Each structure stands twice: as C-alpha cells, then as structure tokens.
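Produce the entire structure from the sequences given, and follow the hints as far as they go.
There are 2 protein chains.
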Amino acid sequence: MAESRIRAVQAKVYIRIEALEMDGIDKNHKATWIWYPNDYELWLHVQVSMKRQFRGYICPPFWRMDTAYSNVMFRKKLKLERPESLTLSVQGAFVVHLDGSMLPMPYERKPITSVLIPAGEHELVVKVFMDTAVPALYAAGETITSDGTWEVTCHNGQWLNAGSDRFDDPASPPGAFPFAYETVHPVHVAKAKGTVLVDFGQETFGYVTFLELKGRGVIRLYYGESMEEALAGEEAETSDELEIDFTEPQSLTTPVTRAFRYVQIRADEGLTWQSVQHEYEYLPMERRGSFRCSDERINRIWEVAVRTLQLTTMEFMYDGMKRDRWVWSGDAYQSFMMNNYVFFDQAVTRRTLVALRGKDPVNMHINTIMDYTFYWFISYHDYYLHTGDLAFISSSYPNMLSLMEFCLKRRNTDGMMEGYPEDWVFIDWADMEKRGEVCAEQLLFCRSLEIMGTFAGLLGDGGNEQKFTDLAQELRSRIFELFWDEERGAFLHGRLDGKINDRILKYPSMFALRLGYLNNAQSELVARNVLLNESVQKITTPFMRYFELEALCEIGQQTHVLHEMREYWGGMLDLGATTFWEEYDPGQPAELQYDMYGDKYRKSLCHAWGAAPLYLLGKYWTGVRPEASGYSQYRVEPCLGGLEWFEGTVPTQDGEIKVFMDRSRIAVFTNAVGVGTLRFKSETYPETNEGEIRQIGSGEYELELVRPAFAYEVRIKHPISE
Amino acid sequence: MAESRIRAVQAKVYIRIEALEMDGIDKNHKATWIWYPNDYELWLHVQVSMKRQFRGYICPPFWRMDTAYSNVMFRKKLKLERPESLTLSVQGAFVVHLDGSMLPMPYERKPITSVLIPAGEHELVVKVFMDTAVPALYAAGETITSDGTWEVTCHNGQWLNAGSDRFDDPASPPGAFPFAYETVHPVHVAKAKGTVLVDFGQETFGYVTFLELKGRGVIRLYYGESMEEALAGEEAETSDELEIDFTEPQSLTTPVTRAFRYVQIRADEGLTWQSVQHEYEYLPMERRGSFRCSDERINRIWEVAVRTLQLTTMEFMYDGMKRDRWVWSGDAYQSFMMNNYVFFDQAVTRRTLVALRGKDPVNMHINTIMDYTFYWFISYHDYYLHTGDLAFISSSYPNMLSLMEFCLKRRNTDGMMEGYPEDWVFIDWADMEKRGEVCAEQLLFCRSLEIMGTFAGLLGDGGNEQKFTDLAQELRSRIFELFWDEERGAFLHGRLDGKINDRILKYPSMFALRLGYLNNAQSELVARNVLLNESVQKITTPFMRYFELEALCEIGQQTHVLHEMREYWGGMLDLGATTFWEEYDPGQPAELQYDMYGDKYRKSLCHAWGAAPLYLLGKYWTGVRPEASGYSQYRVEPCLGGLEWFEGTVPTQDGEIKVFMDRSRIAVFTNAVGVGTLRFKSETYPETNEGEIRQIGSGEYELELVRPAFAYEVRIKHPISE
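Respectively, the protein sequence lines represent chains A and B.
Residue 1 is where the first sequence starts when you use the UniProt record's numbering, and the numbers rise one by one after that.
Residue 1 is where the second sequence starts when you use the UniProt record's numbering, and the numbers rise one by one after that.
If you are wondering where the hints come from, they were derived from the structure by calculation, not from laboratory data.
Keep in mind the model is a prediction, meaning the values are calculated, not measured.
Any given hint could be a false lead.
[Said to hold, decoys possible] Cut-off 20 Å, straight-line C-alpha distance, at most; resulting in silico cross-link-like pairs (SDA-like, lysine to any residue):
#: 1; chain 1: B; residue 1: Lys467; chain 2: B; residue 2: Asp485
#: 2; chain 1: B; residue 1: Lys681; chain 2: B; residue 2: His560
#: 3; chain 1: B; residue 1: Lys359; chain 2: A; residue 2: Gly217
#: 4; chain 1: B; residue 1: Lys359; chain 2: A; residue 2: Asn156
#: 5; chain 1: A; residue 1: Lys359; chain 2: B; residue 2: Asn399
[What the hints assert, rightly or not] Here are the in silico distance ranges between beta carbons for each label pair:
#: 6; chain 1: B; residue 1: Ser172; chain 2: A; residue 2: Lys600; range: 41 to 47 Å
#: 7; chain 1: B; residue 1: Asp99; chain 2: A; residue 2: Thr541; range: 37 to 43 Å
#: 8; chain 1: B; residue 1: Glu212; chain 2: A; residue 2: Val256; range: 47 to 53 Å
#: 9; chain 1: B; residue 1: Asp99; chain 2: A; residue 2: Lys499; range: 32 to 38 Å
#: 10; chain 1: A; residue 1: Val256; chain 2: B; residue 2: Leu231; range: 45 to 51 Å
#: 11; chain 1: A; residue 1: Arg435; chain 2: B; residue 2: Lys409; range: 42 to 48 Å
#: 12; chain 1: B; residue 1: Asn161; chain 2: A; residue 2: Thr195; range: 18 to 24 Å
#: 13; chain 1: A; residue 1: Thr541; chain 2: B; residue 2: His122; range: 31 to 37 Å
#: 14; chain 1: A; residue 1: Lys193; chain 2: B; residue 2: Thr247; range: 40 to 46 Å
#: 15; chain 1: A; residue 1: Arg602; chain 2: B; residue 2: His122; range: 24 to 30 Å
A virtual CB, placed ideally from N, CA and C, is assigned to each residue, including glycine.
Next up, the structure:
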C-alpha cells in the first residue's frame, strides 16, 4: 500500500485548518478566533514550560500541567434580517448544527466555502474536537462574527463565554504566541582558531541566524549572559548543536529561543558563513511609564530595569529567561506591580494568572508553594485595583473559590494553615523555621480571605462575602493575639506543636505593614524594632528585598532606599550588567558573581525581580497609586527622597499621570479619568494654580485633582531634612 | 532555509521513540511500557470516541473527554548487586535522575544506548513529557524491569503505582490498541453496471482492501449491515470515498474501521481491481463459556449472540459498532455480565470502567445519565464478585469516592436524588415521569451506597464504611416507607413536589427484586402484581427487557423466558440476523425493520445488549453464579426451563464449571477453585457419586461441591411441571 501516492479521504471529515473564501465579510466586524475560556493560555503554558533545559536535557516543572479540553461545543443565537453567507475556519474536526439539525457543509474536495444561513432567528452550534492543539473557531459573515459573546461548553453542564486573544487571522489559528521580531547585528565579533565570540552589546532573547552558511559539519553555539559563560563552552547553561550539510550557501536559524548577550561559535573545519545576526523575539509593549531625575546612576538603573522587565515579559511573566523560563506566582506578582508602572500591559497579567491556576481539581498549591497561592489572590486584587476589570474577576471567580476551598480544607483546628508534607513553605531562602504555623503565611492567608470577601461582594455572592469576611476577621484577631508582641514591638515568627517560636524576623512585620494591618503606633514600633533594627537577621534575597524596600518606603525611608538602590543595583551596573540579576552580593569576588545553586553559570542575569526599582520609583517617588478600582480614585504623594528633582509618568487604565518635583515645586499633569488627591509636605503654606489646598497635619497638605487634562502647579518649600 | 535538507538538532533532547540496544537484558524479566495509571485508557477513549461519524461528519460525544497528564515522573528504588546496564525507551521528552542527580545519557547522534547504573541502593527517577500521546516509559536491564511496581506522579502530591497493559515491545510505545486481524473473503460478489455488491456472509468489522487496484478516479463504498442499507447508497449510515491515481496495480485499504456485512462499491470508469477482501479487526478472546441444548433454535441464538458480543468488545465495551461506537455505562454493564459467561475477559471490563469514569472534577453523571452513574458502581461490585481483584478496586477507590461525593451533594433534603436540569434521567425509552424522586433511581442509588460501604470496609476505610452503610440503610428504609405499596404488592413510581405518583411500572419492582431487596412474600407479590401482570405497561426496549427477563428467571419463570427468547431473538434470526439488533419489533413490516431515530438505516444490527441470552442461559439454565468474591463461593442451580437437556460451561477466575442436565441426571464437573453448592429439585430422593445430599425444602436439595476437578453426578427425577 503506497501511502505516499494515494490520498485516502475520510469523507468530509475536516481535521485541518482550511483556507477560506472571505467574500461578503464586513471588515468592520472584528471576528476573532475563540476557544474554551483559559484553554489557549493553559495549552500555551504547557508548551513554554517545557522549553527549560539543562545541559541539553528537558527540565520539566514539578507541578501538574493542565491543558485544553479536546471536545468542546460553541453556540450563538443569531437574528438575521436577510440570509447570510457564513464562512468558518476551525482548528480541529468539526460539525455544524443549525436549530438542532446538522448543516451539511459544501464539500467539493477543495477549501471550505461559506454556507448560507437563512434569515430569521437561529441557534448556531459548532462542535469541535482537537486533542493536539486548542480546539478553536473563527466564524465570519456579514453580521456574524465569532467573539467573546459566543458561548462554549466542554460538556460539563455549563456554558461559558468563549475566550479570545489577539488571533484574528482566519488562516492562522491559535498556536505559538504571535511575538514581534527585530534583527540585531553584533556590536563585536572576535575570531580565533576554530572559535568565534559574538557580542550583541546587551542582554537579549531569541534566535541566532547564520547567513550564507555553507559546508558540512557541526556548529556548536555556547550562549553566555556573561562573556565568561559563553567562553566556558560545555559549562555554559545553554547551548545548541547544528548539523549542517549545505552545498549551496543559505541561511540557518537556531531552533530554540535563548537568553544571552554573547555567543561562542565553534564550527567544524570547512564550514563557512558570511555573518551572524540575531532575531530578537519580544512582546511589543508601549513604554507608557517613565522616570528621570537628577541622579544619572538612578536614571541608568531605571533604563536597565525596563529592559529587564521587557525581556522577562513574554507569553507570561517569567522569572528569568536563561534558566527556568517558568511562570512562578511570587515572581509574577512582583512583575505585575512593576508592569503597572511601566507598560501597563494587563493582557499578560491576565494570561499569567490563568496559566498559574491551571484547572480543577486543586491538589497542590500554586507552584507547590503555599505563599505563592496567596500571592495569586493578592495579584488578582492588585489587578482589579489598577484596571477595574470586574469581568475578568468574574470569569476567574470559580477558580478562586475552588483554590480557596482547597486552602480552607487544610486549616488546622485553630483555623491556620501549616505546610503539608508535600507543600513548599517558602517565604524566603533564609534560615527560619518553616514547620507549623508560620506567622507570615497566616498574614498572607488572611489577606487572601479578605480579597475573596471583597470579590464575593462585588459579584453579588452574599453568602460567601459574609463567610470570607468573617473568616478573615477571626484569623486576623488570632494572628494578633498569638503573634503580636506589643512589648517587643514586633511579630513573633510562628508556633510549632503549640509552642510559640518567639524569634523576630522581618517577614511578618513587613508583611503586616504592607497589607495595612498596623495602626500608626504599631507601624512606628515595627519600623524601629524590626525594619531599622540592625540586630534582626538581614534579608539577602532580591525577592524579599523587594518587599523590604517597599516597607521602608511605606514608613518614609525613601532616602535610605535610594542609597540602597545606588549601592545594590548600581553595583551590578558597575560589573557591566545590561539587565538585572537573580541575585547580587557585592561582597563576592568577581569570579563567583555568576555562580548559583552550585553551578558556575547558573545565575540568571536577566531576572524579573531584579527590576524592583521600577516599582519603587514609580510608587514612592512619583508617588502615584490607585485607591479604588481602575484608578477611579488615586493618590499622588510625590517624594524627593534624596533627589534634587525628578519627573515621572505613571500609566493608568485611562490616561497618564505626570509628576514633576523639586524643592520648590510640584507639578502634576493628569489625564487619568478618576479623582486624584495630591498629598505633600511643605515648610511654608503652599500655593496652587487651581483648587483649594487643605492642611491635614503639621506641614502636611492635600489638593484634590479634579480638572481633567490639567497641569496643576504647587509652590512649596520642601523640608530640608528630606 | 531549506528545512528538508538540514537537521537542526536540539542537543540531546529526545522527543521521539528511539530504537534500542537490547544487549544484556534478561528475557525472563518481563518489562512492560508503564504510564500514569488510567492515562492510556483515557487517551484511548478520546481517540475511539471520535470515530463516530454521521454522513461523513464527526459526531462527538456530549460528555467531557479527559485525557492523559502530559508531565509525569516515574520512580523506582533499585538494589543492584553489581553494576547494571539500563536501556530505556520513552514516549516523550525525558530526563533521568539517579539519587537526585541528573544522569547524562550517552549521546552520539545515534539511537539511545544503555547507561550503566552502579551497584548498590539507588532511587531512579525518569521525568517524561508528552502532550500528544501518553507519556510512557519502558526500562529494562539485567534485573531492572519497568512494571506496575514502579511509582508515578503527575505532580499532584501523590505517588501511585504505574499503569500498564499488554505493551511490552520497546519499539512499540502505547498508541493504537493492538488488535488481531484476519483476512476474510466475500461469500458473494454481484456486479452490475458501475456498481458491485459484496457480501461477506455475516456481520463483521474492520477494513476493506482492494487488490491489484489500478487507474484514476473515485471509489465510493456504501456499507450496509443489511443488503438494503448497502444498496441505499448515500442513505447508508457509513460510507467512504477513495481518490485513486495508480498507474501500477497495487493494494489499497480503506482508512477507517466500519461495521457491515455488505458493501456496495461504485467506482469511476477506468478503475479496475482484481478482488476485494476484508481485514477483520477483533479483540482476541478465548471462548471459555459454552451452551448447547436440545433446542437448535436456542443453540443458534447462543452462537449469534456470541458473535454480537465479540464484535462489540474491542478497546472497550461498545454499544454498537455501526453508529455510536461509544462507551455507555448502562450498555457496558450488560456486556460485563455477558462477558462473564463467555469470554471472561476482565481486562476489557477494567479498561471500560476506567474510560467511563474520566478524571476529577466530577461535574456530570457518567454519560450525563444519572442511572448510568449507578450502573458504574454496580459494575464494580459485579467485577469484584467475579474476579476477587481487590487491587483494581483499590486503585479505583478514589475515583469512586469523588463520584459518590458528587452524588451525595446532589441529594435533596430527604436524602434522595432528583435530576438536575443538565442531567439525563433515563431508566428506559418509555412513557414515564422522570422529574422529581424516581423510585427506580433511588433503588440504584441505594445499591451504589451499599457497594461503597462494602468496598470501604474491604479497603480498611472504616469511617466511610460506616457512613455509606448508614446512608444506604436510611435510604432503603425511606424508599420502602414512601414507595412500597403492600396492598398493591408493588413499588409506586415516584414523588414530585411532595406528591406521590402512584403509577405502577415494572422498573422499580424488578430492580428491587434483582438487587435482593425483597423478602419471599414481597417477591411473590411483585411477581403476581407486576412482572406477570398483563395490565402493567409493557417493556419494549431490549435494554430493559434484559433486566425484565432476568427478573422473571429470578422468580423461576425460565420456561416463559425460553419462549420469549425463541420468539424475540428467533424472530431476528428468521429475518436473517447474523448478529443481534439494537431493537426489534416483530410487529413491524419488513421495510421498517432497519429504521430508528427517524432514519431509514440508523438501527444498529450489531448491538451488545442484543446478546442478552448469553447471560440468561449461563446464569439461569446452567445456573452458575459467584456468591463471594472471585468465585471463592459459588452456586450451581441448573434448570431445564423448557429444554429436554442442555450442557453448558461457565468460566471463572480459576477454572471452568461444566454442567449437564436432563430430566434424570445432573452432571457437574468443576475445576473452579472455590466452594460450590449445587442446588436442584427432584421428585424423588436423589443419588450422587460423591458427598452427601442435603434436603433443604420440599423436593429441594443441596450438594456441596468440594472435590477439585471432579465430575459429580446426581440422579434425579425432574418435576414434570418444568
């Protein structure tokens, strides 16, 4: 049976995408590819999670990967004034039913043509099956357009609104994420016998292309985020190997995206090429936020941090691009916060939150980490505060409920959460007791319960609003009762087997502070006894430094934090960083700077949490933050914090807020839609060009920002102490 | 970039099956492919469920299809006396860890060779990723063999014993089910202008092959279970269309399996072939059971029923082979019962039960049908009774618990189950009220609860044993209290909105009888007032006739049932049936016999439940049934039931039980392992060649069958009345 010479057709069963006749489609109607909600994101998450490699081997995540349902059914009620020609493109095998009867599609052994739907009211149903990609549908007619108003079921007894995202070409079904590409040429190429070192000038991500490549043999590419790594050859974290047999010169691009600045190329003799270039793969995002100030070191930090965040923001928010390339809830949470001050790309936030959650049943914490489950809830609240997008909250709410249900089932008899044997209680890479009731975990859990109460209320789920609010209140009381030590002015670490662990670490106190759980007196106690107390164990990881510096800013220590930024992030710049690192210890000798987890070049030199200054400068110098959903209310509380002057822009859902400040003047231009409040200090009574300044304390003032698209100016005398 | 001319290798990432060097493998150790338990079965279920077509279009099931986890991890503790060479074959990308460290595999751009594992105690871990088939592993060394003792996790915090089944060739990973094939030649070929009618002599299943096919054009095949269907052309339920362009003669086989006896072939002019044959695809099963008797019509019924069951028993127990080709819990339940009296192939039962259940979360009833959920539980109990296989019960127990939990959550305030809007309350295609509390459903639910109590007890889950047993007892009391009408000697139909529906239908009474819920007095009432009462609405569907005839046998009505068999099944034989049908109404005119669901040839002429006589003759004439798990205790209660004589064989887990009976003699040869009890009637005191006969009632006797592999003979005088 000569398979290659015959085409045995399974009559009329379409199992591939077919090209389309697009006649009669109104181009103003934007039809998009639709799918079972979240299923493209979950499928994509599986694909990208498997790109991590170690020395050429796969390095799969150690959490369950869920993917798309294979058997789904779309439906749409139609009301047609006249007959309409409907054209379909489907990823998968499919069948169409109109008003309960199968609609035979014209079939003439050529691409699908459109079918005529008669005038009148109809229910259109399309059943789709696909088990190697996301079952998806594109439908377009004169008035008919597939979009999020279509419903879909995976045959679980529920109809949901279909999901969709940026796929609107009927010939390109949802598959690999549609990135942007840019060709980048090396800034330097150094050749030696049998080896070439290529430098692209800064950290980057994507493919390497050989032009006019010819000959026969093997090319080995050793990627380096540092020159040292590229030169280390087999010791480099990532490498590729290409087998070539080209008699005519042609181009060749490497098969997998890599993160690197340098590439060492070792080619067998006889292989030649004209040049090497790089296809930079990236998510196109507008840089809506900005920050410039009197300190050039800080300006450079801001720029390098933006590149760090740009590179780690792709299909999802990744931790770092060289090694894990995984989606981690804690890392992503910090990326979301930074993203809100620079790109304000909320689509990637949504994709990331969906991917992290997976499907029911919940058997494990997100990323297996208890605290990462709670960061997921907290991220949702942040998202809502910045966007006001209740529709997304609503679509995620069932998944929130089942994840919270999982948590509630794991409470101990005192209503608190302890790690199960299979759980990872993380908090930080640091010496601490992680068994039993860890106070920091309870604080995050409590916040998650409050958020569930809030969302339940917003979505009209009164029973759960009451339930979660009550649970949160009880838990908060219990936390304070058990762990708050008024005398020592700090939270104690935890409790194990009924015995309080009275060690004082920074985590619970700084968490309580940032969650707003402390009154003024408690905040001051915590500031003095914990945050600024040199005898408390220092935080050394960038992940927790993020929250620590944030907490220090919350208690007005911007000047101190600025100094830290200049030292820590400036230190990386001094070592040549073009993106910020997973970890940095200024005390380490140069030859150990790239070492991590016991391997010489394991450290990621482009790590999302390294971009923390974006968030800190945006929130605590520019001083802009939403105070109600979607920036409907917001605060502008600028602070020089060690600078002579700065000017910053913060993006919002509906416009930007620009802030300038020096010692004598604050200028705020806002075309955000909500109501803002400018809060500032001045040694003398300030003057303004608009509105009425209110004094709210000694040397403290407020001004309502209510005129749309208006440039407010306030004359101040800035306290010298700051 | 000339893709076809280069091989851009992603270094050392194996994503396909690699051939193996099998040196040093002890062939006595049977390594098998292993996978996450149930995942091959679920993946396979998805594949086969999509084979249903209607007029060339897909016809996907209307229930959720779950599939394999893509990201799994196997582990095995090793204790090697000397170093051992381990050879791996993997379906998916993989990486090996030994004692926590990655084990680089030799990689020389050729098939995987074995790696050396040093002597001593080790933990071997293999992480596998595959999202388009079942991630699976085959490992073999001198002593190392992949099998069900390996553990596997989908990263949900639990390690389970790996699943495996009949795949033991390292070069053939688990994919399409490995069926057997046989070439079948037509018994008749009739040619007319432009068309050929081929008759394969009986209902069959598989592919059609053209030998020495040559020319250019289209061949259309119209399959017919009846000659009428094949001749109906486009009206036939299934058809194929082949595009041919062969300049040299060659063979061609159709692409999809079909169920048929006849094929009409219409070929374009210029196409020629030497002959047509058929590749019969089947599950190889030993026909361990048998039945022969004095009535040739019954003998023929038994043979045709065996073929019906053979054809519908494939990857799973299917309803019928032409149309649905789906796995339905109710249909499968009856197939299991028949299988126990003929093939005793328990692997297909296990596969079917696993496929039906899918994965968590449970959102809907099995096949969306409430009663089908209960049949699933009851099937498990039957399976256990016949096999004593507690290991399978144990591995399925978590899935039983979550399905029962789903049921328990749906009880109303009286602890009974009513259909939710998305549920299908089926029972039977018949006029009846299906809303509210349907008595028949509560009886099945009650039995399911009892079974859960039994299994919980066997598995040492004491809490649930008590819980389910209590729930079952409460429910049983409530059912009798509400629905048992002592005066009318029958169960009432149900209750809707608090109001009893006092209609008497056969279902609840016959269910209660077959579940053993009735005492002798109640059984007699039900027999007289319901089962043998001509004024009660007749059961017309073969599905429910199955249970009705069973119930009639339970009350000793074998002679009546024999008459029914001769009429109903014999009626189909008279119409030329070579397998039994989905439905048969002797009153219908011939031209409507193949009509169903409003289509002229929709009726399946090879439908599993049509084989009911296999079960009835085995259980109620031969009279063999297990009375404790795995036939450790069994009963032999033969009955002539209208026959002059019969001889039958019933397979058990560990041997066969052969029974002969005529009016003067019962002979039982048993090499089953358990303890049997022969129960029979005789007008005179019987004699035996072994053991002591006990009288248990007037003319009723018992004899213990304890001698292994012994031929017992009992002389009786059979009551003339029977």
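The hints, checked one at a time:
A C-alpha spacing of about 28 Å is found between B:Lys467 and B:Asp485, which places the hinted pair above 20 Å, so the restraint is violated. Proximity of B:Lys681 to B:His560 is assessed by CA-CA distance (about 18 Å); at most 20 Å being required, the pair is judged to hold. The suggested pairing of B:Lys359 with A:Gly217 is violated, with an alpha-carbon distance near 49 Å, which exceeds 20 Å. Between B:Lys359 and A:Asn156 the alpha-carbon distance is near 12 Å, which keeps this suggested pair within the 20 Å criterion.
Straight-line distance between C-alpha atoms of A:Lys359 and B:Asn399 comes to about 17 Å, which keeps the hinted pair within the 20 Å bound. Range check, B:Ser172 to A:Lys600: Cβ separation about 42 Å, and the 41 to 47 Å hint holds. In this structure the supplied range 37 to 43 Å is violated for B:Asp99 paired with A:Thr541, their Cβ-Cβ distance being about 28 Å. For B:Glu212 and A:Val256, the Cβ-Cβ distance of about 49 Å falls inside the hinted range of 47 to 53 Å, so the restraint holds.
Remark: the range hint 32 to 38 Å for B:Asp99 to A:Lys499 is upheld by a beta-carbon distance near 36 Å. Separated by about 58 Å at the C-beta atoms, A:Val256 and B:Leu231 break the suggested range of 45 to 51 Å. At roughly 34 Å, the beta-carbon separation of A:Arg435 and B:Lys409 lies outside the given 42 to 48 Å, and the hint is violated. For B:Asn161 and A:Thr195, the hinted distance range of 18 to 24 Å is not satisfied, since their beta carbons lie about 51 Å from each other.
In this structure, A:Thr541 and B:His122 meet the distance hint of 31 to 37 Å, their C-beta atoms being roughly 33 Å apart. A beta carbon spacing of about 57 Å between A:Lys193 and B:Thr247 contradicts the range 40 to 46 Å that was offered as a hint. Hint check: A:Arg602 to B:His122, Cβ distance near 25 Å, so the stated range 24 to 30 Å holds.
Hints 1, 3, 7, 10, 11, 12 and 14 from the earlier list are contradicted by this structure; the remaining hints agree with it.
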